[in-house]
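**Student:** Place chain B on chain A using the hints.
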Amino acid sequence: MFGCSRVRRQLGAYLDGELSPKNRAVVERHLVHCQPCRIALESLHRLERTLQSAEVPPAPPSLAWQIMAKARERQNTEAERNVIRLGHRLATPRPWAFKVAAAAVLVFGLAAGSYMGRSVSQTVTAQTAVQADPLAVYNLDYLADAPKGSLADSYLALASSDRGY
Amino acid sequence: MSDQEHTSSEQLMRALASGDLAAFDQLVLRHQKPAWAIAYRFLGDRHEAEDVVQDAFLRLLAAASRYQPTCSFKTYFHQIISRLCLDRAKKKLPRCLDAMPDVSDSGPDALGEMEKRQDAEAVRAALAALPPQQRLAVVLRYYEGLSYQDIASALEITPKAVERLLARGRDHLQATLKTWKDF
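Chains as they are written, first to last, in the working numbering: chain A, 7 to 171; chain B, 72 to 254.
For the record, the hints were derived by calculation from the structure and aren't laboratory data. Just so you know, not all the hints are guaranteed correct.
Cut-off 16 Å, straight-line C-alpha distance, at most; resulting in silico cross-link-like pairs (EDC-like, lysine to aspartate or glutamate) [stated by the list, open to error]:
id: 1; chain 1: B; residue 1: K249; chain 2: A; residue 2: E54
id: 2; chain 1: B; residue 1: K163; chain 2: B; residue 2: D116
id: 3; chain 1: B; residue 1: K162; chain 2: B; residue 2: D122
id: 4; chain 1: B; residue 1: K187; chain 2: A; residue 2: E61
id: 5; chain 1: B; residue 1: K104; chain 2: A; residue 2: E61
id: 6; chain 1: A; residue 1: K76; chain 2: B; residue 2: E121
id: 7; chain 1: B; residue 1: K162; chain 2: B; residue 2: E119
id: 8; chain 1: B; residue 1: K249; chain 2: A; residue 2: D22
id: 9; chain 1: A; residue 1: K76; chain 2: B; residue 2: D91
id: 10; chain 1: A; residue 1: K76; chain 2: B; residue 2: E76
id: 11; chain 1: A; residue 1: K76; chain 2: B; residue 2: D122
id: 12; chain 1: B; residue 1: K231; chain 2: A; residue 2: D22
id: 13; chain 1: B; residue 1: K249; chain 2: B; residue 2: D180
id: 14; chain 1: B; residue 1: K231; chain 2: A; residue 2: E24
id: 15; chain 1: A; residue 1: K76; chain 2: B; residue 2: D190
Looking at chain B on its own, in the form it has when it is part of the complex:
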């Protein structure tokens, strides 16, 4: 087990700034999962999510020498991902959702699996119908568990604006999902 596994992400960034690519590898291994989850939930498309995650890490690499740990690494990285996601949303309309992976039609859990899949499809469609900023605020809050302050930093807006975005997002989602589930 290497020492870097116990190093903070902020320290890894400093090591990366001095050209240590092993530190970069560690950052990728550590943060690729949440980065993927945000990008995929926001974009609803595997290829686009892959592109955004790759771009985000490469931006991190390019910005390492200018990195100042004035905020946590997580907040800094969320800012990068958020900007890339919103840029994509500006360029691409309408969103095209990936088909969910197939599940087998037989077996004891087949019904449960199908129900789960339908739920996920409905949620993805409801999320897809949100305006980009609302969608991103909802993703960061409900899937990443970020505080209003952290979402505000990621989206470069005020916490009050986050509260309003989330309120409108919840209203939209409830209205969309009402047809499928009782809210």
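Just chain A, same shape as in the assembly:
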């Protein structure tokens, strides 16, 4: 059972609906038998009513528009600042960026060089294969069956020696 002083301390929370169900029941039981505590509760009720009766003047009608305009102004300023920041970032030389760019150029150069070297060597090999056969080079296939000692045979021998074979 709570005494008067403990109940008085809890009356505010009781009125605000903030007491646990158990404490609320204890306070309510006390109030049934205690007139001074009931008077204290009524006094708190009156205070609450008095506070709530005091009206607040309405907000200035232009307040919302002022806030909205200010927000747009802020956002535009922020956007401008971001553009300036980006410009600065692009304009400011960065030593590490040069190193990365140089490395990239070097790697690209090496890769391109290696690729081109490989394709040139393939072309040379193919040409060599073609050049190895004078009949194919000079389209003299039709002379291949010429009898030995004939003019065509001599021409063929000449063509082969001319290519260094």
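**Tutor:** What follows is chain B alone, placed relative to chain A:
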């Protein structure tokens, strides 16, 4: 009627994070009234309240990209307003209360209006006399209807500390208002 009118404030914050200013407009229209009420009741000055409300929304705009919906938008926004109000209170002493708007002296409701005005003045003066944290706890509880847990989140203290702040605040208010009304 735009779709955003039916969107939750948390979703509007996500849209704002991706640069959607229409979402911001919607948040302003939705929350400016309670923001104004808290700031005005706490500061008692129109110009200061206007500054705080404007600052609060602009902070929201700046923080949108970092916003994590770990708590409700309301709690998050109350935190911002509360911090701004308490910062103002630290910088400015003593508080200077606005004069309440004039009401006409004639007409059938003149007496009632005058009484209402006097009540409001007395309450404002009593609130002004509270230490800042107590005042803010009272404003959030009695005018915004926040739970102790929500007030605790807004003020970044424990619910038990809120209970103590409110108890002391009520004692102060009763003592101040006793001279004018029987409590």
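**Student:** Next step is simple, just say for each hint if it's right about the structure.
**Tutor:** Against the structure, the hints:
1. B:K249 with A:E54: 14 Å, holds
2. B:K163 with B:D116: 12 Å, holds
3. B:K162 with B:D122: 14 Å, holds
4. B:K187 with A:E61: Holds, at about 9 Å.
5. B:K104 with A:E61: At roughly 13 Å apart (the allowed maximum being 16 Å), A:E61 and B:K104 satisfy the hint.
6. A:K76 with B:E121: Measuring from Cα to Cα gives roughly 13 Å; hence the hint holds.
7. B:K162 with B:E119: This hinted pair holds, its Cα atoms lying about 12 Å apart.
8. B:K249 with A:D22: Violated, at roughly 22 Å.
9. A:K76 with B:D91: 15 Å, holds
10. A:K76 with B:E76: 22 Å, violated
11. A:K76 with B:D122: 12 Å, holds
12. B:K231 with A:D22: Distance ~13 Å between B:K231 and A:D22 Cα, so the pair holds.
13. B:K249 with B:D180: Judged against 16 Å, a Cα distance of about 26 Å means the pair is violated.
14. B:K231 with A:E24: Answer holds: B:K231 to A:E24 is near 11 Å, not above 16 Å.
15. A:K76 with B:D190: 36 Å, violated
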